[in-house]
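Starting from the known structure of chain A, fit chains B and C with the ligands onto it as the hints suggest.
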Amino acid sequence: MEATAATPDSLESSSRLWSWITTTDHKRIGILYGATAFVFLLIGGLEAMLIRWQLMKPDNDFVSAETFNELFTMHGTTMIFLALMPLSAAFFNFIIPLQIGARDVAFPRLNAFSYWVFLLGGLFLNASFLFGAAPDAGWFGYANLTSIQYSPGVNIDFWAMGLQILGIASLAAAFNFIATIINMRAPGMKLMRMPVFTWMAFITQFIIVTAFPVITVALVFLMFDRMFGANFYNPNAGGDLLLWQHLFWLFGHPEVYILILPTMGMVSEILPTFSRKPLFGYPVIVYSGILIGTIGWGVWSHHMFASGMGAAADTYFGAASMLIAIPTGVKIFNWIATMWGGKIRFTTPMLFSIAFIMLFTIGGISGVMHASPPTDLQQTDTYFVVAHLHYVLFGGAFMGIFGAIYYWWPKVFGRLLNERLGKLHFWLAFIGLNVTFFPMHLIGMLGMPRRVYTYSAELGVGGMNLAATIGALTLGFSTLVLVYNIWHTAAKGEKAGKNPWGAATLEWAMSSPPPVYNFSVIPEVTSRLPLWTVGGMNEIPDVPPEPIHVPGGSYWPVLAALGLVGFFTGALMHSLWVALAAAAVLVVSVFKWAFEPFEM
Amino acid sequence: MSTAAIGHYTSTGQDTRKIAFWTFIGSECMLFGTLIATYLSYEGKSVVGPTPQEILNIPLTSVSTFVLLMSSLAMVLALAAVMRGDTRYSKVWLATTAVLGAVFLVFQAFEFTQFVDEGLKISTNLFGSTFFVLTGCHGLHVLVGVIWLATLLIMSARGKLGPEKAMNVEIAGLYWHFVDVVWIVIFTVVYLIQRGPAA
Amino acid sequence: MNLDRRSFRRANQLAVLASAALLLGLAGCQGPFPQSTFSATTELGEDLSGLFWMIFWWGVAVFAVVQVGLIYVMIRFRARPDQPDPAPIHGHTALEIAWTLAPAMIIVFIAVPTIQVIWKEAGTDTANALQVQVIGHQWWWEYRYPEYGIVTANDLHLPQGRPVELQLTSADVIHSFWLPRLAGKRDMILGRTNRLVFTPDSVGEFWGQCAEYCGTSHANMRFRAFVHTAADFDSWVAEQTSAPAAAETLNDLERRGLAAYREVRTPASNSCIACHAIQGISAGVLGPDLNHMGSRSTVAGGTLENTADNLAAWLRDPAAVKPGSLMPNTGLTESEIAGLVAYLHSLR
Ligand code: HEA
Ligand code: HEA
Ligand code: CUA
Ligand SMILES: [Cu+2]
Chain A
18 MEATAATPDS LESSSRLWSW ITTTDHKRIG ILYGATAFVF LLIGGLEAML IRWQLMKPDN
78 DFVSAETFNE LFTMHGTTMI FLALMPLSAA FFNFIIPLQI GARDVAFPRL NAFSYWVFLL
138 GGLFLNASFL FGAAPDAGWF GYANLTSIQY SPGVNIDFWA MGLQILGIAS LAAAFNFIAT
198 IINMRAPGMK LMRMPVFTWM AFITQFIIVT AFPVITVALV FLMFDRMFGA NFYNPNAGGD
258 LLLWQHLFWL FGHPEVYILI LPTMGMVSEI LPTFSRKPLF GYPVIVYSGI LIGTIGWGVW
318 SHHMFASGMG AAADTYFGAA SMLIAIPTGV KIFNWIATMW GGKIRFTTPM LFSIAFIMLF
378 TIGGISGVMH ASPPTDLQQT DTYFVVAHLH YVLFGGAFMG IFGAIYYWWP KVFGRLLNER
438 LGKLHFWLAF IGLNVTFFPM HLIGMLGMPR RVYTYSAELG VGGMNLAATI GALTLGFSTL
498 VLVYNIWHTA AKGEKAGKNP WGAATLEWAM SSPPPVYNFS VIPEVTSRLP LWTVGGMNEI
558 PDVPPEPIHV PGGSYWPVLA ALGLVGFFTG ALMHSLWVAL AAAAVLVVSV FKWAFEPFEM
Chain B
171 MSTAAIGHYT STGQDTRKIA FWTFIGSECM LFGTLIATYL SYEGKSVVGP TPQEILNIPL
231 TSVSTFVLLM SSLAMVLALA AVMRGDTRYS KVWLATTAVL GAVFLVFQAF EFTQFVDEGL
291 KISTNLFGST FFVLTGCHGL HVLVGVIWLA TLLIMSARGK LGPEKAMNVE IAGLYWHFVD
351 VVWIVIFTVV YLIQRGPAA
Chain C
2 MNLDRRSFRR ANQLAVLASA ALLLGLAGCQ GPFPQSTFSA TTELGEDLSG LFWMIFWWGV
62 AVFAVVQVGL IYVMIRFRAR PDQPDPAPIH GHTALEIAWT LAPAMIIVFI AVPTIQVIWK
122 EAGTDTANAL QVQVIGHQWW WEYRYPEYGI VTANDLHLPQ GRPVELQLTS ADVIHSFWLP
182 RLAGKRDMIL GRTNRLVFTP DSVGEFWGQC AEYCGTSHAN MRFRAFVHTA ADFDSWVAEQ
242 TSAPAAAETL NDLERRGLAA YREVRTPASN SCIACHAIQG ISAGVLGPDL NHMGSRSTVA
302 GGTLENTADN LAAWLRDPAA VKPGSLMPNT GLTESEIAGL VAYLHSLR
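One line per chain: the protein sequences are A, B and C, in this order.
Quick note on the working numbering: the first sequence kicks off at 18 and runs consecutively.
Quick note on the working numbering: the second sequence kicks off at 171 and runs consecutively.
Quick note on the working numbering: the third sequence kicks off at 2 and runs consecutively.
For reference, chain A alone in the conformation it holds in the complex:
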């Protein structure tokens, strides 16, 4: 594991498998995250297509009840934990060190470890399909349906252990990014000069650090109940089933801000660039992000209004949930004000970002409708919730992510994605999304519960469900347009210079793709918008600095990840030996890793 001397184009030239497996370069790890998460997005989307095909008409029998239940559980779990979170992580990895002027993240090997744990955790979860035992208790797996009595198969074990594995990946990454952002900013990069994307990512990491331990404990309880007969979720022993709900949503609600804040950051980068105007009210956007992250901790029980918590709790959680509309609204208005008086270019990233504002507002408003406990008694567990969650998650988070893909693609790969195909993708997605999810508001209010594999024609919602299915197929097709665009760009894409969009932040100050050492000289910034300000930063020459050392590769993180996931596999198989052997691999790898020379 010698430190290797850097070559400027090593990102492109060393395509050997081994170098990718042992890589500790934040940019390559970012690419790995992105590619893996994108594949999971296709899988989660395919599951959505099957769900929609089944619901296309009343009393359909395209898939069985059992399969359908597996599909929506895996769809929700995949989209949230395997597609959206890691796609954000891809951008954290690639962009944050560049935006703050660092040579890598604080702990490159820990970073590699996070990725491999994520990958193996995702494979672990999806391996359940091979055994015909995919998780089937919904993405929030309410106890006691998940108890061994009502779910005797290994389906729930796959789910509970898979989520614990993924939690470890997220936590490890969060420690890493917090340390990176706190301590590795270039000279002059004060906290209030950080790009908003880095800021929102920073807040997100704090939410991860505090929220994931809660679900980990909840899942450990579940595993102990299932494996050793513990009583945490056993009402007959005096246990309270609401314990799970409280613990899950104590994690689950902050989780939705883990999903949306990074995208809010991305949009806050894209809008100023294409309006050619600085972000309006930067400090307020930062503070409102902090506020969202904080209040987000105190509203979890709005997912439990039907569980009978009592009037006082309903009052508190209803009002607290509504409060979040205020800091969010401030962001929305500041974004519009950013565009006001600007010089707006309607590039693909800009279109996606504008659509984000429109669609997220719809989802936010239906969120506020949920937040009123009495009326939520009609909405909860119906398609109205499904509409809300897709407007914020697809209309919000994913539209933002798509924008970010188009925006940063040239930085990552040196070529611009095709704009015409991009606009086709955008319009298909924008229309498809509304056709799919808008009718769901009404479907829900007209009486269709969620998570039903079949419904009666007499409910009168068959037509709207057909519309939703058609919309979903459009959405699926739009994603394939993106896939084609990527393939097309790889061969024929227009070469991007350093700063194809004329953006203001530090990552655009170096060649595209960035050299392996990122910055040839230490950047020193004097402005929040270094590239838009005269003297905003020093000159960054394109020649490699002398001498430079960048971290070499290491295979210990991969082995440690294998050991960790092997341990859970042993637990799943109820095989002490497999678990012990894997734990030994983990321990040895961690020791080797700790004592491996890894100098910069």
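Be aware that one or more of the hints could be misleading.
[Stated by the list, open to error] Within a straight-line C-alpha distance of at most 30 Å, the following computed DSBU-like cross-link-like pairs (lysine-lysine) qualify:
1) A:Lys440 x A:Lys360
2) B:Lys261 x B:Lys330
3) B:Lys188 x A:Lys207
4) A:Lys360 x A:Lys515
5) A:Lys609 x B:Lys330
6) A:Lys360 x A:Lys512
7) B:Lys330 x B:Lys215
8) B:Lys335 x B:Lys261
9) A:Lys609 x B:Lys188
10) A:Lys440 x A:Lys512
11) A:Lys609 x B:Lys261
12) B:Lys335 x A:Lys609
13) B:Lys330 x B:Lys188
Source of the hints: derived by calculation from the structure; they are not laboratory data.
Below, chains B and C with the ligands without anything else, positioned relative to chain A:
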């Protein structure tokens, strides 16, 4: 782990590992916080015995608590020794800390077997479930700490733990003190203030 | 107060029509919408939908402001050729305060009525209410009327004009009782009892469904509620409290059915009497009470209309009708099935 700073520049002047470690401790607080909150919310709700009042041996655990407290003191001395480059006392105090931690684990192992003999298992009642998972999770943390300290001890014995490596010991110390403080909370909550219906 | 509610109801219906018509037209749907939340027939239901529409219109207003703003900006500030770079404006304190306060005001307008309704529902008087215990099972509903000593399943019968207090709990996993036109949902949780209080206003048949995902056949956990005039309700009570007809009065076919019902099968857990209750014959509790199966509107938790064919299909292979059903395939012969259908339908 080494830091990948540009040169040795850091924004805060603090060691990056230390910052990451404080973050880690933050998340550990949430972990134990959740476990303790669950313990409290289930306290006195078991439908069958044995109850804490019947089974907890406070004098015995007070001794092990004292042992763990002393180990924190030894940890402080170990760090001081490493920082001033005193190899002999580095070894002595690191070893003391690790041994005291191990003694605590022995007490816990004894307590657990005792309870199982007296009819309290993880599956017996809510108390059993919450008690074993909470204290077991803490015990696991102590075990990791003991292994960590043992590693430092070996490094020290090989002469590879000079003052320049003091940060390694400081972080291990942070961890150790944290685990100790958590135990004080657990000891107070579980052993000292018992609520709920007596037997 | 009644007048108030009526005009309120009318306003609501107008609002619904206005906004729903367009969408419905687009989607090509019509229908009676038996589970619609838009056609509440109780004060509770109207309170809930009143709040809904109030927040809805605020939402429309917010949505309009945002969209109009965006569209204006998009048209007005398109990049034009040769346009110089715009002035770098970094913010405007007064404006930012304004658009913090405006949403805050709206939130107050939304929160205050919300909280009023919460406490109003919590304080509903139940002194004179009809108590019904509703117990969720995978995947059917059990109802007990302690006042009358009635135990029945899947069809819920209620009197018009008298408050009812549903006491909701579960025998296994979590379910959620949802009867949209009469009340919102409440979860049914083992180890807890939740309440739902409302006064049925109009006579009729209403549809309901389990709303919390509860396993394989969650989609098939449906039910009907029947609201009767006071007199009709009394005769329903009389019917339900009457003893089943004596075996001697049954015809041949029905008697064959009774024999099949009584038969101890192998394994014994496959016998009807192991799971079902019929007064004087069996007292099983795993499945629905069958005392008055003939008077039920549906078979198997609202899955099928209670016709002879459907009942036969159910008895032939429950899991084919309702995936995962906890009633096993008891291996009945066709002649046993015919007998059982006749017998069960004779129990009115
Ligand atoms: C990205 C993810 C995301 C985001 C950002 C949000 C944002 C919000 N959510 Fe959502 N929510 C989910 C993801 C998300 N949600 C998911 C996945 C579920 C379902 C889980 C499941 O059951 O499977 C869910 C469910 C859910 C429920 C439970 C519903 C139920 O099951 O009964 C509730 C209830 O209060 C709720 C409320 C809110 C609120 C108040 C916001 C607010 O943060 C929204 C704030 C934004 C705005 C309001 C718009 C912009 C503001 C203005 C323009 C200012 C002016 C506005 C007003 C004055 C109204 N959400
Ligand atoms: C980020 C999160 C996210 C995203 C992006 C999506 C995207 C989509 N979702 Fe998802 N959904 C959830 C999160 C998400 N969903 C959650 C959390 C739930 C709740 C789960 C639960 O109840 O437990 C849910 C539930 C849910 C339901 C309700 C199921 C039920 O209650 O019974 C439905 C029904 O229509 C649905 C539909 C869709 C559709 C049509 C899309 C479309 O946007 C998808 C578009 C398609 C693609 C992006 C991929 C295109 C791929 C192909 C065309 C195939 C090519 C394949 C290969 C090459 C392998 N979703
Ligand atoms: Cu019962 Cu869903
Ligand atoms: Cu929430």
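So, going through the hints one by one against the coordinates:
Straight-line distance between C-alpha atoms of Lys440 of chain A and Lys360 of chain A comes to about 19 Å, which keeps the hinted pair within the 30 Å bound. Of the pairs offered as hints, the one joining Lys261 of chain B and Lys330 of chain B holds, with about 12 Å between alpha carbons and a cut-off of 30 Å not exceeded. About 20 Å separates the Cα atoms of Lys188 of chain B and Lys207 of chain A, which keeps this hinted pair within 30 Å; it holds. Only pairs whose Cα atoms come within 30 Å are accepted, and Lys360 of chain A paired with Lys515 of chain A is accepted, the gap being roughly 21 Å.
A threshold of 30 Å between alpha carbons decides the hint, and for Lys609 of chain A with Lys330 of chain B the separation of about 16 Å falls inside it, so the pair holds. Annotation: proposed proximity of Lys360 of chain A to Lys512 of chain A holds, straight-line Cα distance about 24 Å (limit 30 Å). Between Lys330 of chain B and Lys215 of chain B, the direct Cα distance comes to roughly 53 Å. Violation of the 30 Å bound is thereby established for this hinted pair. Proposed proximity of Lys335 of chain B and Lys261 of chain B is supported: the alpha carbons are some 14 Å apart, at most 30 Å.
For the proposed pair Lys609 of chain A and Lys188 of chain B, the alpha carbon gap of about 21 Å is at most 30 Å, so the pair holds. Restraint check for Lys440 of chain A and Lys512 of chain A: satisfied, since their Cα atoms lie roughly 19 Å apart, inside the 30 Å limit. The straight-line distance between the Cα atoms of Lys609 of chain A and Lys261 of chain B is roughly 23 Å, inside the 30 Å bound, and the hint therefore holds. The straight-line distance between the Cα atoms of Lys335 of chain B and Lys609 of chain A is roughly 18 Å, inside the 30 Å bound, and the hint therefore holds.
Under the criterion of a C-alpha separation no larger than 30 Å, the hint pairing Lys330 of chain B with Lys188 of chain B is consistent with the structure, at around 20 Å.
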